[in-house]
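*Asks:* Here's the letter readout for the chains.
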Amino acid sequence: MTRGFEELGRFAEPSLYILVSLASGPRHGYAIMTDVEEISGTPMGPGTLYGALARLEKRGLIEALEPDERRRPYRLTALGATTLETQLTSLNGFVATGLARMKRGAP
Amino acid sequence: MSALIRLYPRAWRERYEDEFLALLEARPPTIGDRLDIVRAALDARMNPQVRQPEAPEPAHAADAPDDTVVVRRLGYAALAGGLAWVGAWSLATVAAPVVYDGYGPHRDGSAALPVLLLSVFLLVGGLIGHLIVLPASRRTARVGAIAAIPFLLLWTAGPWNAWFGLVALVALAVFAVGSIGAPHWSVAATSGIFGGIVGIVGFGLVAAGLVNLGTAVPYEMLLVITAAATPIWLAVGASLIRVRPVVPAA
Numbered sequence: 001m002t003r004g005f006e007e008l009g010r011f012a013e014p015s016l017y018i019l020v021s022l023a024s025g026p027r028h029g030y031a032i033m034t035d036v037e038e039i040s041g042t043p044m045g046p047g048t049l050y051g052a053l054a055r056l057e058k059r060g061l062i063e064a065l066e067p068d069e070r071r072r073p074y075r076l077t078a079l080g081a082t083t084l085e086t087q088l089t090s091l092n093g094f095v096a097t098g099l100a101r102m103k104r105g106a107p
Numbered sequence: 108m109s110a111l112i113r114l115y116p117r118a119w120r121e122r123y124e125d126e127f128l129a130l131l132e133a134r135p136p137t138i139g140d141r142l143d144i145v146r147a148a149l150d151a152r153m154n155p156q157v158r159q160p161e162a163p164e165p166a167h168a169a170d171a172p173d174d175t176v177v178v179r180r181l182g183y184a185a186l187a188g189g190l191a192w193v194g195a196w197s198l199a200t201v202a203a204p205v206v207y208d209g210y211g212p213h214r215d216g217s218a219a220l221p222v223l224l225l226s227v228f229l230l231v232g233g234l235i236g237h238l239i240v241l242p243a244s245r246r247t248a249r250v251g252a253i254a255a256i257p258f259l260l261l262w263t264a265g266p267w268n269a270w271f272g273l274v275a276l277v278a279l280a281v282f283a284v285g286s287i288g289a290p291h292w293s294v295a296a297t298s299g300i301f302g303g304i305v306g307i308v309g310f311g312l313v314a315a316g317l318v319n320l321g322t323a324v325p326y327e328m329l330l331v332i333t334a335a336a337t338p339i340w341l342a343v344g345a346s347l348i349r350v351r352p353v354v355p356a357a
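First to last, the protein sequences are chains C and P.
Numbering of the first sequence is given in our numbering, commencing with residue 1 and proceeding in unit increments.
Numbering of the second sequence is given in our numbering, commencing with residue 108 and proceeding in unit increments.
Next up, chain C with everything else stripped away, as it sits in the complex (with noise of 0.2 angstroms):
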């Protein structure tokens, strides 16, 4: 499903996740916790967000802005918005074999 992130271990998903985040804009840790909550349905643990975002912004995919007050606002780079492309069409063609599968094997 994260084909790519494996070396990111257990923070694959949730990498993944907030790289969609911020597809729309930039978000600070709070904002960004609220959204994955609202698109995958199951609450990000706080430790396991800075975890990720420490990840991410190690490997360039997302940069950190000028903190507004105490909350710093995360963006994608070029990098991180292009690794998210090359995600998401993997995602894509996953969903539509399995799809296409499941209806050639309907009963």
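Don't read these hints as lab results, they were simulated from the structure.
Among the clues, some could well be false.
Said to hold, decoys possible - Not everything, but these chain P residues come out facing chain C in the computed CB check (under 10 angstroms):
| hint | residue |
| --- | --- |
| 1 | Arg117 |
| 2 | Trp119 |
| 3 | Glu132 |
| 4 | Val145 |
| 5 | Ala151 |
| 6 | Ala264 |
| 7 | Gly265 |
What the hints assert, rightly or not - Listing some non-contacts, in silico: residues in chain C with all C-beta distances to chain P over 12 angstroms:
| hint | residue |
| --- | --- |
| 8 | Glu6 |
| 9 | Glu13 |
| 10 | Val20 |
| 11 | Ser24 |
| 12 | Tyr74 |
| 13 | Leu84 |
| 14 | Gln87 |
| 15 | Ser90 |
| 16 | Gly93 |
| 17 | Ala100 |
| 18 | Arg104 |
| 19 | Gly105 |
Claimed, not checked - As a list, the in silico SDA-like pairs of lysine to any residue whose alpha-carbon atoms are at most 20 angstroms apart:
| hint | chain 1 | residue 1 | chain 2 | residue 2 |
| --- | --- | --- | --- | --- |
| 20 | C | Lys58 | P | Asp125 |
| 21 | C | Lys58 | C | Pro73 |
| 22 | C | Lys58 | P | Arg122 |
| 23 | C | Lys58 | C | Ala23 |
| 24 | C | Lys58 | P | Arg158 |
| 25 | C | Lys58 | C | Glu13 |
Positions of the beta carbon are idealized from the N, C-alpha and C atoms, including for glycine.
Chain P: place on chain C using the hints.
*Replies:* Same frame as chain C, now just chain P:
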């Protein structure tokens, strides 16, 4: 909340602490969130994503809270855990009331259970202290400590499962060997861990042997053998108390 944040390495705190605290203020953490933070803090120590700058620290860094205080407190807690361990077994054996039921007369040591749990929690706290103080390069020691924590807790919850105990003891041995040469560690601490492991294994072997022979294990013998495991708490605790604050270079 600051206690949880201090589980993270200093470099991480310097980079993320402010915004992380702002997030936690906006959304007060549930118990699940707190566990998530502890797990992520351990991960941040095992797989640091933010590197400590090698250049001399800026002036404000000297005012940042030092891990040393937390680590030494965890050391004292582990020592207290050693006392609790001996106390628990004293309560469970020689001080427990004698009851008479279908199993014949025996001592009811159930009152000792909370103290026993406390002693293991305090030992786990000490191991977390070592995870804080051990550098990332000490992977063997860190892996040993990380493996020992869940298996000690599992073994306490289900002491009849010898596999939990075996893994916990092997993990403690790995931790002790991997810590050799670390500034706060000593040969005495390694000896203490191994002495304690021998004590616990001895307890298991004697108890199993006597049960196989159809002989009840004398309570006094139980107390002596289990007390022999106390050096584990002493080694974990005393070595943390040896940790001294890092004096910034002039």
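*Asks:* Does each hint fit the structure? Answer for all of them.
*Replies:* Hints, verified against the model:
no., hint, in the structure
1, Arg117, "14 angstroms, violated"
2, Trp119, "7 angstroms, holds"
3, Glu132, "9 angstroms, holds"
4, Val145, "7 angstroms, holds"
5, Ala151, "7 angstroms, holds"
6, Ala264, "24 angstroms, violated"
7, Gly265, "26 angstroms, violated"
8, Glu6, "14 angstroms, holds"
9, Glu13, "14 angstroms, holds"
10, Val20, "19 angstroms, holds"
11, Ser24, "20 angstroms, holds"
12, Tyr74, "10 angstroms, violated"
13, Leu84, "19 angstroms, holds"
14, Gln87, "20 angstroms, holds"
15, Ser90, "25 angstroms, holds"
16, Gly93, "31 angstroms, holds"
17, Ala100, "38 angstroms, holds"
18, Arg104, "41 angstroms, holds"
19, Gly105, "39 angstroms, holds"
20, C/Lys58 / P/Asp125, "19 angstroms, holds"
21, C/Lys58 / C/Pro73, "16 angstroms, holds"
22, C/Lys58 / P/Arg122, "12 angstroms, holds"
23, C/Lys58 / C/Ala23, "18 angstroms, holds"
24, C/Lys58 / P/Arg158, "10 angstroms, holds"
25, C/Lys58 / C/Glu13, "17 angstroms, holds"
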